[in-house]
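Colleague: Now for the letters of each chain:
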Amino acid sequence: MTWWYAVREGFANLRRARGSVWVSIITIALSLWLVGIFLIGAWNGWQVLQKLKDKLEMEVFLLDTVKVQDAYHIRKSLLKIPGVDSVKFVSKYDALQKFQKEFGENIIDILGENPLQSSFRIRLKKSFHTRVRVQKIMGQIKKLSGVEDVTYRYDLLKIIEKYLKIFFGIGISLGAIIAFISLLLISNTVRMAIVSRSEEIKVMRLLGATPQFIRRPFLVQGFYLGVFGGILSLFLLLVVIWAARHELSLQILNAREIFGFVMGWGIILGVLGSWRAIGKYLKEEI
Amino acid sequence: MTWWYAVREGFANLRRARGSVWVSIITIALSLWLVGIFLIGAWNGWQVLQKLKDKLEMEVFLLDTVKVQDAYHIRKSLLKIPGVDSVKFVSKYDALQKFQKEFGENIIDILGENPLQSSFRIRLKKSFHTRVRVQKIMGQIKKLSGVEDVTYRYDLLKIIEKYLKIFFGIGISLGAIIAFISLLLISNTVRMAIVSRSEEIKVMRLLGATPQFIRRPFLVQGFYLGVFGGILSLFLLLVVIWAARHELSLQILNAREIFGFVMGWGIILGVLGSWRAIGKYLKEEI
Amino acid sequence: MVRFFNVSFSYPRSAGVENINLYVKNGEFVFLTGPSGAGKSTVLKLIYLEEFPQRGNILLDGYNTQEITRKDIPYIRRKIGMVFQDFRLLRDRNVFENIAFALRIIGVRRSRINKRVLEILRDVGLSHKKLKMPQALSGGEQQRVAIARALVNEPFVILADEPTGNLDEENREEILALLHKINERGTSIIMATHNYEMAKKTGRRVIRIDKGKIIS
Amino acid sequence: MVRFFNVSFSYPRSAGVENINLYVKNGEFVFLTGPSGAGKSTVLKLIYLEEFPQRGNILLDGYNTQEITRKDIPYIRRKIGMVFQDFRLLRDRNVFENIAFALRIIGVRRSRINKRVLEILRDVGLSHKKLKMPQALSGGEQQRVAIARALVNEPFVILADEPTGNLDEENREEILALLHKINERGTSIIMATHNYEMAKKTGRRVIRIDKGKIIS
Ligand SMILES: Nc1ncnc2c1ncn2[C@@H]1O[C@H](COP(=O)(O)OP(=O)(O)OP(=O)(O)O)[C@@H](O)[C@H]1O
Ligand SMILES: Nc1ncnc2c1ncn2[C@@H]1O[C@H](COP(=O)(O)OP(=O)(O)OP(=O)(O)O)[C@@H](O)[C@H]1O
Ligand SMILES: [Mg+2]
Ligand SMILES: [Mg+2]
Numbered sequence: 027m028t029w030w031y032a033v034r035e036g037f038a039n040l041r042r043a044r045g046s047v048w049v050s051i052i053t054i055a056l057s058l059w060l061v062g063i064f065l066i067g068a069w070n071g072w073q074v075l076q077k078l079k080d081k082l083e084m085e086v087f088l089l090d091t092v093k094v095q096d097a098y099h100i101r102k103s104l105l106k107i108p109g110v111d112s113v114k115f116v117s118k119y120d121a122l123q124k125f126q127k128e129f130g131e132n133i134i135d136i137l138g139e140n141p142l143q144s145s146f147r148i149r150l151k152k153s154f155h156t157r158v159r160v161q162k163i164m165g166q167i168k169k170l171s172g173v174e175d176v177t178y179r180y181d182l183l184k185i186i187e188k189y190l191k192i193f194f195g196i197g198i199s200l201g202a203i204i205a206f207i208s209l210l211l212i213s214n215t216v217r218m219a220i221v222s223r224s225e226e227i228k229v230m231r232l233l234g235a236t237p238q239f240i241r242r243p244f245l246v247q248g249f250y251l252g253v254f255g256g257i258l259s260l261f262l263l264l265v266v267i268w269a270a271r272h273e274l275s276l277q278i279l280n281a282r283e284i285f286g287f288v289m290g291w292g293i294i295l296g297v298l299g300s301w302r303a304i305g306k307y308l309k310e311e312i
Numbered sequence: 027m028t029w030w031y032a033v034r035e036g037f038a039n040l041r042r043a044r045g046s047v048w049v050s051i052i053t054i055a056l057s058l059w060l061v062g063i064f065l066i067g068a069w070n071g072w073q074v075l076q077k078l079k080d081k082l083e084m085e086v087f088l089l090d091t092v093k094v095q096d097a098y099h100i101r102k103s104l105l106k107i108p109g110v111d112s113v114k115f116v117s118k119y120d121a122l123q124k125f126q127k128e129f130g131e132n133i134i135d136i137l138g139e140n141p142l143q144s145s146f147r148i149r150l151k152k153s154f155h156t157r158v159r160v161q162k163i164m165g166q167i168k169k170l171s172g173v174e175d176v177t178y179r180y181d182l183l184k185i186i187e188k189y190l191k192i193f194f195g196i197g198i199s200l201g202a203i204i205a206f207i208s209l210l211l212i213s214n215t216v217r218m219a220i221v222s223r224s225e226e227i228k229v230m231r232l233l234g235a236t237p238q239f240i241r242r243p244f245l246v247q248g249f250y251l252g253v254f255g256g257i258l259s260l261f262l263l264l265v266v267i268w269a270a271r272h273e274l275s276l277q278i279l280n281a282r283e284i285f286g287f288v289m290g291w292g293i294i295l296g297v298l299g300s301w302r303a304i305g306k307y308l309k310e311e312i
Numbered sequence: 275m276v277r278f279f280n281v282s283f284s285y286p287r288s289a290g291v292e293n294i295n296l297y298v299k300n301g302e303f304v305f306l307t308g309p310s311g312a313g314k315s316t317v318l319k320l321i322y323l324e325e326f327p328q329r330g331n332i333l334l335d336g337y338n339t340q341e342i343t344r345k346d347i348p349y350i351r352r353k354i355g356m357v358f359q360d361f362r363l364l365r366d367r368n369v370f371e372n373i374a375f376a377l378r379i380i381g382v383r384r385s386r387i388n389k390r391v392l393e394i395l396r397d398v399g400l401s402h403k404k405l406k407m408p409q410a411l412s413g414g415e416q417q418r419v420a421i422a423r424a425l426v427n428e429p430f431v432i433l434a435d436e437p438t439g440n441l442d443e444e445n446r447e448e449i450l451a452l453l454h455k456i457n458e459r460g461t462s463i464i465m466a467t468h469n470y471e472m473a474k475k476t477g478r479r480v481i482r483i484d485k486g487k488i489i490s
Numbered sequence: 275m276v277r278f279f280n281v282s283f284s285y286p287r288s289a290g291v292e293n294i295n296l297y298v299k300n301g302e303f304v305f306l307t308g309p310s311g312a313g314k315s316t317v318l319k320l321i322y323l324e325e326f327p328q329r330g331n332i333l334l335d336g337y338n339t340q341e342i343t344r345k346d347i348p349y350i351r352r353k354i355g356m357v358f359q360d361f362r363l364l365r366d367r368n369v370f371e372n373i374a375f376a377l378r379i380i381g382v383r384r385s386r387i388n389k390r391v392l393e394i395l396r397d398v399g400l401s402h403k404k405l406k407m408p409q410a411l412s413g414g415e416q417q418r419v420a421i422a423r424a425l426v427n428e429p430f431v432i433l434a435d436e437p438t439g440n441l442d443e444e445n446r447e448e449i450l451a452l453l454h455k456i457n458e459r460g461t462s463i464i465m466a467t468h469n470y471e472m473a474k475k476t477g478r479r480v481i482r483i484d485k486g487k488i489i490s
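Residue numbers (this note's numbering), protein chains in the order written: chain A, 27 to 312; chain B, 27 to 312; chain C, 275 to 490; chain D, 275 to 490.
Bound-form chain A, shown alone (with noise of 0.2 Å):
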């Protein structure tokens, strides 16, 4: 019943404001823009990192002697140890095929063999692209009969790895300010939505009414400017997100999770925003 009264009356209280309402909704929608441009880039920039990760191959040498039959026992056991993905077999041969294609030279011609080695390729899942864990997978494919060399391209993990602590380290500060930034903005503007009606809730007050009932319209006027500057900004995100696909043909990815975070966050906010601001006139003497 009251309730009731408090979401009629902040909504009558949009109206009233007019003009200024549209100001509120419109930094509320850019500041939430932001927080969600942010958040797109930067879980479309991790999503990139760890792709490249999951690039990064373990190749496993062959003795010479090994044969075929043996080969597929050694596949067998690669497969068992724990953090391998898959296992591909590249013989003697095809190493040979891809050398040439890649370096144009034929070694056979100037060598009279062919130097190269059977290996196996191995993918390895996700989580286990860190130093220790490799190591370990490493120790255990060793101690494989058959198995000449391990080798996989620790320079490289390490250059990824050092962009992604750059990157989670830009990340996560960038992030802090623009959720900061969009903090203040949003509770400003409600702040300032109401700084125009403190003659009003002076009168309230006088005439009696509790401080509940004067704040309840606020929360909801708040929550209302919540929800749609958060529409408005979904829409700008769309926008962008558009345009990063067909001017910029970048592979963007939309998180609905994002969509979500970015409307909440807004509506959070919104309906704090108004709880402190209404707080310091219903906190004054009369």
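Hints listed in this document are in silico derivations from the structure and should not be mistaken for laboratory results.
It cannot be assumed that every hint is accurate.
[Said to hold, decoys possible] Distance windows between CB atoms, simulated:
1) D:ASN331 to B:LYS228: 20 to 30 Å
2) A:LEU308 to C:ASP360: 19 to 29 Å
3) D:GLU428 to C:ASP360: 57 to 67 Å
4) C:LYS487 to A:LEU308: 30 to 40 Å
5) B:THR156 to A:VAL253: 46 to 56 Å
6) A:ARG101 to B:ILE134: 31 to 41 Å
7) B:TRP29 to D:GLU471: 48 to 58 Å
8) D:GLY381 to B:ILE257: 31 to 41 Å
9) D:ASN293 to B:SER224: 30 to 40 Å
10) D:ARG459 to B:TRP29: 32 to 42 Å
11) B:ALA38 to C:TYR349: 33 to 43 Å
[Unchecked claim] Keeping only pairs whose Cα atoms sit at most 25 Å apart, straight-line, the calculated DSS-like set for lysine-lysine is:
12) B:LYS306 to D:LYS345
13) B:LYS188 to B:LYS151
14) A:LYS162 to A:LYS127
15) A:LYS77 to B:LYS191
16) A:LYS228 to A:LYS151
17) B:LYS118 to B:LYS81
18) A:LYS168 to A:LYS184
19) A:LYS77 to A:LYS228
20) C:LYS404 to A:LYS228
21) B:LYS162 to B:LYS77
22) A:LYS162 to A:LYS152
23) A:LYS228 to B:LYS228
24) A:LYS188 to B:LYS77
25) A:LYS184 to B:LYS79
26) C:LYS406 to D:LYS345
27) B:LYS77 to B:LYS118
28) C:LYS406 to D:LYS485
29) A:LYS184 to B:LYS77
30) B:LYS188 to A:LYS77
31) B:LYS184 to A:LYS127
32) B:LYS309 to D:LYS487
33) D:LYS475 to C:LYS475
34) A:LYS228 to C:LYS345
35) B:LYS168 to B:LYS106
36) C:LYS485 to D:LYS406
37) A:LYS188 to A:LYS162
38) B:LYS106 to A:LYS191
No experiment lies behind these values; they were computed from the predicted model shown.
Each residue gets a CB set at the ideal place from its N, CA and C atoms; glycine is no exception.
Given chain A, work out where chains B, C and D with the ligands should sit, using these hints.
Modeller: Using the frame of chain A, we list chains B, C and D with the ligands on its own:
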């Protein structure tokens, strides 16, 4: 005289509004901060990509028949070609050493002789790293006697150019978005500061104040807001730069021009925002 | 019942009231007169808990200002009807809503609000202006809206600060008659006015105040 | 000189004034009386150019409402002193600044402003309140500040809307005396009041208005 009044009055306005002035200044500072972070980020990213480009070298392989004497002449001719910045001689022997260090194999053991060639490594001037210009230079070099082959890592150039393009695209879009956000936020903030004084503006008009007279103090107020917001944002930017250097150990470059631009943008938006906001009240009937 | 015991109050660096003793019984109708700046509005503000006594205390229908907590204030105010000297109407809602608001905050049912507001609008002669905004009313009309708002929730005492200042003879008589009628139903009325003659004529108790002190 | 020729004006979906003919000569002192909502304030608003006639036209010291452009309005208003019924003081500056403001906007020198404002504050008896904010004044004191502001730049006509509504007998007489004094120096005065008796007593011309029409 009347401007002097406006200057004092604009300042008095700030004092009168108190709380909400802080809100305005903080909002403006945050908006400008965003602009600044973007500009610094973009500028640094640009520099990094440029530096990568500069590192691309052209390799000029010499015929085995070329003597040291001739190499000296070739070097001189190379330096005369427009676009060539520096030329470094790498002898057959140097090349071998490098190869062994990189691949850990002794080719002489395998082949019985040094199969590598002497070469010149050429650095190009900054603006010559485009495909057309590189091609032209390569053509000129190939014509020199004693030169067997010229190579240039086109693939890398292509990748870098692709990234530069993406970087440019993202940079310009993001820059436009951020400029737009800051524009709206700042002019909205100033507008809100004026909305709360609409009653007063009406009284002024009723007392016979001319529109210019009413407008001026608000323009001055907008100017002050821009200045104070700008100063605060410079502080915040310095903090970010410091953190990037010390916490993320990034080699961040800061440019005076960026600081100047951020201040200017704040002041322009503050004054124009005031102009726009006040205009609404001055146009009203009465 | 409203009772002042040796109440003193002063504004920061400004006058106020000093050592006020006052006893308004339930159902009484008293006038508070005095020149501009005498402290009439201040006395009403003290009753209305807009200001608190710095010395002495006030008894309000069972409540004592020395024991009142912040939480009690809204509930006490609801039992007091106040007509402010500067009206204090809400600029962003119409006449009907301004009056209805006093009922909404105490949680009266919607149908009841409608009936009651229309009733009171008829009493102050503003039925035809019920959808106007306060700014679109003449000074006297605004004053009548303020009076209607104070009357609407049937308080035990009505404090009226210069409620006829902007009204012509005829309207003033009507408003006074309305206040008398309400008083007869048992509501106390304390009315501040600079018009000693008018107060005297009614034959009710007149309290005179000057420079913050009761002089008779 | 203020002259109305068959002036009609009505608010959107609301009353107004109809077919007003009025001639106030330079140096005249006239009262405008009538019940609440009669249209007194509306007549003053028309002179003050807060509203424009929908039919007919008004002559103001050489200006004609049919020829006035937006640009002229501020300059005409400066020659008219207006005491608003709701005072319209600026809430964010003190009494001195409120009055000084009327001089600042017409570009009076600072030293002159100081002298003039202090003079006028003495005239309305508020010298001791010059540093107070309007909200810290009693209703009557605010009214006197509004009067002071209208007088300060010596206009050719003063429009006073219910300027004594909140004042006690003594203060009212003083303000009336002040207005008479100013009138004697040659300034016209048009004063709206619901108090027909008071107007009659002064012996000046009294214009009666009711339901938007002049009735005598
Ligand atoms: N909020 C305030 N802050 C400071 N001083 C105030 C405040 N309100 C009133 N005063 C001062 O206290 C004194 C008494 O004021 P009050 O409003 O009680 O007078 P009043 O009898 O109602 O006069 P009036 O008939 O003019 O309304 C006046 O001198 C006034 O200036
Ligand atoms: N801004 C407005 N919009 C619409 N109607 C208005 C407006 N101002 C006044 N009115 C209406 O016009 C009529 C005349 O108003 P006006 O203010 O001139 O009366 P008044 O004679 O000054 O009365 P009072 O003595 O009560 O101040 C009233 O009925 C009023 O409701
Ligand atoms: Mg008073
Ligand atoms: Mg009026």
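Colleague: Given the hint that B:LYS162 pairs with B:LYS77, test it: the Cα-Cα distance must not exceed 25 Å.
Modeller: holds, 22 Å
Colleague: Assess, step by step, whether the Cα of B:LYS168 is no farther than 25 Å from the Cα of B:LYS106, and give holds or violated.
Modeller: holds, 14 Å
Colleague: Given the hint that C:LYS406 pairs with D:LYS345, test it: the Cα-Cα distance must not exceed 25 Å.
Modeller: Not satisfied, since the Cα-Cα distance of roughly 32 Å exceeds 25 Å.
Colleague: What's the verdict on A:LYS228 and A:LYS151, does the C-alpha distance respect the 25 Å limit or exceed it?
Modeller: violated, 64 Å
Colleague: Are the Cα atoms of A:LYS228 and C:LYS345 separated by 25 Å or less?
Modeller: With Cα atoms ~16 Å apart, A:LYS228 and C:LYS345 stay inside 25 Å; holds.
Colleague: Keeping to a limit of 25 Å between CA atoms, is the pair of A:LYS228 and B:LYS228 held or broken?
Modeller: Given pair A:LYS228, B:LYS228 holds - Cα atoms ~23 Å apart, limit 25 Å.
Colleague: For a C-alpha distance cap of 25 Å, please report whether A:LYS188 and A:LYS162 respect it.
Modeller: With a Cα-Cα distance of about 21 Å, the restraint between A:LYS188 and A:LYS162 holds, given a limit of 25 Å.
Colleague: Compare the distance between the alpha carbons of B:LYS184 and A:LYS127 with 25 Å, and conclude whether the hinted pair is satisfied.
Modeller: The hint holds at about 21 Å.
Colleague: With a cut-off of 25 Å on the C-alpha distance, tell me whether A:LYS162 and A:LYS127 pass.
Modeller: violated, 33 Å
Colleague: Does D:LYS487 lie within 25 Å of B:LYS309 when you go C-alpha to C-alpha?
Modeller: Violated, at roughly 32 Å.
Colleague: Would the hint linking A:LYS162 and A:LYS152 be met if the CA-CA limit is 25 Å?
Modeller: Between A:LYS162 and A:LYS152 the Cα gap is close to 15 Å, so the pair holds against 25 Å.
Colleague: Against the range 33 to 43 Å, how does the distance between the Cβ atoms of B:ALA38 and C:TYR349 compare: consistent or not?
Modeller: holds, 41 Å
The structure is inconsistent with the numbered hints 3, 14, 16, 19, 26, 27, 32 and 38, although it conforms to all the rest.
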